[in-house]
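Student: Starting from the known structure of chain U, fit chain L onto it as the hints suggest.
The lines below spell out each chain.
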Amino acid sequence: MTQPHGTDGAVGTGADEAWELCLYVTDRSPKCLLAIENLRRVCEEHLAGHYRIEVVDLLENPRLAADDQILAVPTVVRKLPQPIRTIVGDLSDTDRVLVGLQLRPHRSGAT
Amino acid sequence: MGNTDLMDPVGAAIGPGLDRAPTGISGLDQITGGGLPRGRVTLIAGSAGAGKTLLGLQFLVAGARDYGEPGVLLTFEESAAKVADNVRSLGFDLDELQRDGLLAVLSFQVEPTEIVAAGEFDFEPLFVILDDAITRVGAKRVVLDTIEVLFGAFGADSIVRAELSRLARWLEERGVTAIVTGERGEGTITRHGIEEYVSDCVIVLDHRVREEISTRRLRVVKYRGSAHGTNEYPFFISARGFVVLPITSITLDYGAPDERISTGIARLDHMLGGGIFRGSTVLVSGTAGTGKTSLGAHMANAACGRGERVLWVLFEESPAQVLRNMRSIGLDLRPWTDAGLLHIWPARPATLGLETHLALLVQLLDEVTPTVTVLDGIASFGDGVAASEVTSMLARKMDMLKARGITTLATALGNGDAPSTLSVSSMVDTWLLLRNVESNGERNRLLFVLKSRGTAHSNQVREFVLTDHGAELVDVYVGAAGMLTGSARLAQQAAEREAQLRQADDVEHRRRELRRSITEHEAHFAAVQDQIAAERAELDRVGLRERHQAADTGADEVAMGKRRWADAVPSDGANR
Numbered sequence: 042m043t044q045p046h047g048t049d050g051a052v053g054t055g056a057d058e059a060w061e062l063c064l065y066v067t068d069r070s071p072k073c074l075l076a077i078e079n080l081r082r083v084c085e086e087h088l089a090g091h092y093r094i095e096v097v098d099l100l101e102n103p104r105l106a107a108d109d110q111i112l113a114v115p116t117v118v119r120k121l122p123q124p125i126r127t128i129v130g131d132l133s134d135t136d137r138v139l140v141g142l143q144l145r146p147h148r149s150g151a152t
Numbered sequence: 142m143g144n145t146d147l148m149d150p151v152g153a154a155i156g157p158g159l160d161r162a163p164t165g166i167s168g169l170d171q172i173t174g175g176g177l178p179r180g181r182v183t184l185i186a187g188s189a190g191a192g193k194t195l196l197g198l199q200f201l202v203a204g205a206r207d208y209g210e211p212g213v214l215l216t217f218e219e220s221a222a223k224v225a226d227n228v229r230s231l232g233f234d235l236d237e238l239q240r241d242g243l244l245a246v247l248s249f250q251v252e253p254t255e256i257v258a259a260g261e262f263d264f265e266p267l268f269v270i271l272d273d274a275i276t277r278v279g280a281k282r283v284v285l286d287t288i289e290v291l292f293g294a295f296g297a298d299s300i301v302r303a304e305l306s307r308l309a310r311w312l313e314e315r316g317v318t319a320i321v322t323g324e325r326g327e328g329t330i331t332r333h334g335i336e337e338y339v340s341d342c343v344i345v346l347d348h349r350v351r352e353e354i355s356t357r358r359l360r361v362v363k364y365r366g367s368a369h370g371t372n373e374y375p376f377f378i379s380a381r382g383f384v385v386l387p388i389t390s391i392t393l394d395y396g397a398p399d400e401r402i403s404t405g406i407a408r409l410d411h412m413l414g415g416g417i418f419r420g421s422t423v424l425v426s427g428t429a430g431t432g433k434t435s436l437g438a439h440m441a442n443a444a445c446g447r448g449e450r451v452l453w454v455l456f457e458e459s460p461a462q463v464l465r466n467m468r469s470i471g472l473d474l475r476p477w478t479d480a481g482l483l484h485i486w487p488a489r490p491a492t493l494g495l496e497t498h499l500a501l502l503v504q505l506l507d508e509v510t511p512t513v514t515v516l517d518g519i520a521s522f523g524d525g526v527a528a529s530e531v532t533s534m535l536a537r538k539m540d541m542l543k544a545r546g547i548t549t550l551a552t553a554l555g556n557g558d559a560p561s562t563l564s565v566s567s568m569v570d571t572w573l574l575l576r577n578v579e580s581n582g583e584r585n586r587l588l589f590v591l592k593s594r595g596t597a598h599s600n601q602v603r604e605f606v607l608t609d610h611g612a613e614l615v616d617v618y619v620g621a622a623g624m625l626t627g628s629a630r631l632a633q634q635a636a637e638r639e640a641q642l643r644q645a646d647d648v649e650h651r652r653r654e655l656r657r658s659i660t661e662h663e664a665h666f667a668a669v670q671d672q673i674a675a676e677r678a679e680l681d682r683v684g685l686r687e688r689h690q691a692a693d694t695g696a697d698e699v700a701m702g703k704r705r706w707a708d709a710v711p712s713d714g715a716n717r
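Chains as they are written, first to last, in my numbering: chain U, 42 to 152; chain L, 142 to 717.
Derived by calculation from the structure, the hints in this document are not laboratory data. Every value quoted in this text rests on a predicted model; they were computed, and no experiment measured them. We put the beta carbon where it would ideally sit given N, CA and C, even for glycine. Some hints here could point you the wrong way.
[To be verified] Cβ-Cβ distance ranges computed for the label pairs, FRET-style: (1) T276/L - D109/U: 45 to 55 angstroms; (2) R69/U - R365/L: 50 to 60 angstroms; (3) R310/L - S70/U: 35 to 45 angstroms.
[Claimed, not checked] Just a few of them, taken from the derived set where beta-carbon distance is under 7 angstroms, the chain L residues facing chain U: (4) L247; (5) F249; (6) E255; (7) F295; (8) I378.
[To be verified] Away from chain U, derived, C-beta distances all over 12 angstroms, residues of chain L: (9) A221; (10) E637; (11) E639; (12) R653.
Next up, chain L with everything else stripped away, as it sits in the complex:
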């Protein structure tokens, strides 16, 4: 076995712990780099109800069902029938797996009061029966559920300790990947310190209830010879079993579609360079009443308009209330809910507990299969829950949505530039800030694009106006007196319009003036031309008359000379 490990170049570097048996719990497999150390014993420690048994069972079921690795369950906790009953609701059919020869379930009831110890003993029957079961189903996986009950039951803990140590070594020799569960101890990982000899991998499950909100966490305390995530990872038990959502391991895995989708507000799309990328995460933060929900409603409306499915999670309001409020700004979302495109889920995480909340969200995502999700009021997680828990829960939620390629718009109540206490901003692709500006006795909303990854986005501030026909973005006026919004903006607009009108009047006046002048001059010019023509005609006439007169005069002289019997003919007249 060691040889095959060493053949892997990475395995040689990290050590023999590299070969892993997947648990079928995706988050856990990611944290551990592929699963539990193959052929080794892993200790799952946790308090009662922490989920130890379930984790073990899921490991067995996944092995038998998905990885061709049959298993053996040895339980000291409950009867075999009861164990099968408990996990049937999660879709684990232990009876069927047993019938198919993929699983053997052995159960032992240990009643400490019924046993008297008198001298040396060993747990050879345990080995014998395990060996028999492993051989029978060809098991590669073994789960011993809370083997620690053996302590105290026999009144000789030193023998129990030695025997459990021997059992761990025997399981390794047998080549099976084993899980041993143990109760959490005070100051130690397990009550009886079995981590000392079951030592290749130790996973601790924690179930905390603080202010009536339960949070489950998982931590890999030890993973011999291997790098592993050491953080605490919240997990939850969904309808399909154990779900661990590691923050670091998923984050970089999602695809990045180039497709842009509309936010439902045309000018906002324009500010963002044509909409938001499909599958990206948008955070809208702002103080109360800045229109965050309306923005979310627009996005939901636009998505439904494209025929897409939308899941709208309301953390603060009831669906009826929100639908009514949105109608007042001209958004009637009722047809979408009727058509089954818009699914509204009112959820108060504080009353559910974070992990239950997340589990329900996962379920809804599976059922509704939305392409767009609006998380309205994520800051309300904060009620009674530590900020760090909220942040990590949100991060997981966003990771999960992103991994599924769901476009998400989350709104958060926040003062100023930062959504208070929530450091989710690094997880979002686009961050819009809505802010109230108070001036001239009124409040107006402003919208900023604080960031938008992969997008040449506008650096401009816009006024966010809620009209009775939806939200609109309007340019704000920036001048010496500062930014103008609301009625101040309107006044400025009116003033500018007036100035423009005045200017327009002046131009028109001048134009008319000039036209009139031109017309006058043209008329004058025409008159002069007429006069020139008249005078030229007169001139012609004058010349003609002169010639006629000259001719007449000659003729007269001839006639007069005839009459007077003139003997000489005048030269002038004779030459003509």
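Here chain U stands alone, though its shape is the one from the complex:
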């Protein structure tokens, strides 16, 4: 709560930097489809225009799970901006998604 309130990193990132998100799924399970949908919605709301989502299907390349240390799906990894952040779940809990992606301060800064 007493954290930087997004005065530096968070506000800046939300605004102009390119976001690179990787969403790991296994096939097109309902949870995964829901996660894709939720992630797109959040990004459109907060990062419109400067984000890129890569969807990785671990069924196509199982070794990636070991290489990228992915145990659960759906998993979102924020590769950019640094540092790397990891969010697990179908992303239906939007508040948790925003905390996980460190987009929360952006919103509070906007008000």
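Tutor: Okay, now just chain L, sitting in the frame of chain U:
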């Protein structure tokens, strides 16, 4: 799979748990009747450092190396490289097994603080990657090392629980024999209660440190559909990995050679019907200073004299001290140590910990390969260790020695008839008791044979005498005044000798008397004979003379008549 189980008549009786995947840990395979339930998930629970990972790895290595069953290790604890490093010293080359396609190692680092949970999820990637690895190496065995780290890491334990349950079922469907490790919990087998769904076999490892002595124990808490040993079995981690020494499963398996070997004391051999059986266990108990160590030294000496290798484990004294003391009774063991036949290992188990002690013993037995082992002062295990632990440890030790066919002499400090607190007597084949007897202001040692299996042994008590040329057994005197030993025995011996001498004198005297008498009588007899002969000769002479005289008289008369001109010739003379 169930069909093949049922084809086994025993399996039909016990249930589908019969088909087993050997762990390669002999003691554990014996306790479980052959290994872990094949195609099922076994939970290994234990506190940190209890040996869970090692057990799992040994299961995998044995499978890949010895049983043609490749495996997959999924570890959440350490990196794959670190795991390989940790077990390399035990001779497990995980890298090589991986190169040979017999093992796949996957590692995941779970850092709870880095993950944010937002909604529903599952562990499908875990399934995917396991499936990939199982397929790749053709795995029959899977080890998931401390899968419990997943709890808490995702902030949604109900999902983790459901997913682990699904994983266990999936592994069974996949037909692999799996080990899942878990942290010990308070009041529960594992901290997160995963035993509830990983439930075919549960093994608990325990690592206790009491009074700075560590003891590891293993217990099979559950083995569905199968009889199994439920006791706690101490185990240890030796240079070759996990070693479990079950007490009940080995005991009846050893051979029983008929060969007898000497104890190094001729009269003791005689008391035991010609020595002790090779491969048997001899317990020598007695109070302090009764000569237990000397007895052990004699046995070691005799074995080395036969060219055999001996391991002498000293629990109380230093080798130099014992060698010096034995020299004082005329036993110079130095040549044997120099020749490499006698290996002396000073070991204080209390400072090592029982399990380390046992591990070192195993190592030494492997290195020295003795045929005879002397364990001197086994009671000193008792320092700071519960008696029950000591007893079970000793039982395992004796089992181990026996299983290897090693003749063992163990000495124990004990008062009276029982080696105090140690109920090892049932495990030994021959039990000798040394006892001090105090009388006439001196202490003397007595030796009893309390039991000796398979041997017609003497029921006699012998005095155990330590001379400057070794130990000797001497008959004791049993009389109205009781048993006599030491100087009392010597006094009795002297008295008897005197009595014997006296008796001998009397006989000799009588013999001389009679001889003299006979000689006298013989002389007398000879004199009488002489006289008879003389008188007989005299008699003959007398008769002859008479005839001569008669003839002379006739002639005289004739002559006289001639001279007188006798006209008649006397009739007597004329008739002749």
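Student: If a hint holds in the structure, say so; if it does not, say that too.
Tutor: Hint-by-hint comparison with the structure:
Remark: the range hint 45 to 55 angstroms for T276/L to D109/U is contradicted by a beta-carbon distance near 20 angstroms. Hint check: R69/U to R365/L, Cβ distance near 38 angstroms, so the stated range 50 to 60 angstroms is violated. At about 18 angstroms, the beta-carbon gap between R310/L and S70/U misses the expected band of 35 to 45 angstroms. Residue-level restraint check for L247/L holds (minimum Cβ-Cβ distance to chain U is 5 angstroms; threshold 7 angstroms).
For F249/L, the shortest C-beta to C-beta distance to chain U is roughly 6 angstroms, which falls under 7 angstroms, so the interface hint holds. The beta carbon of E255/L is positioned within 7 angstroms of a beta carbon in chain U (closest approach about 6 angstroms), and the interface hint is therefore held. Annotation: interface hint on F295/L holds; nearest CB of chain U at approximately 6 angstroms, less than 7 angstroms. With a least beta-carbon distance of about 29 angstroms to chain U, the hint placing I378/L at the interface is violated under the 7 angstroms criterion.
At roughly 10 angstroms from the closest C-beta of chain U, the C-beta of A221/L falls inside 12 angstroms, breaking its exclusion from the interface. The Cβ of E637/L sits about 92 angstroms from the closest Cβ of chain U, beyond the 12 angstroms cut-off, so the non-interface label holds. The beta carbon of E639/L sits about 97 angstroms from the closest Cβ of chain U, which is more than 12 angstroms, so the claim that it is off the interface holds. Every beta carbon of chain U lies more than 12 angstroms from that of R653/L, the smallest distance being close to 113 angstroms; the non-interface claim holds.
The structure fails to meet hints 1, 2, 3, 8 and 9 from the earlier list, while all remaining hints are met.
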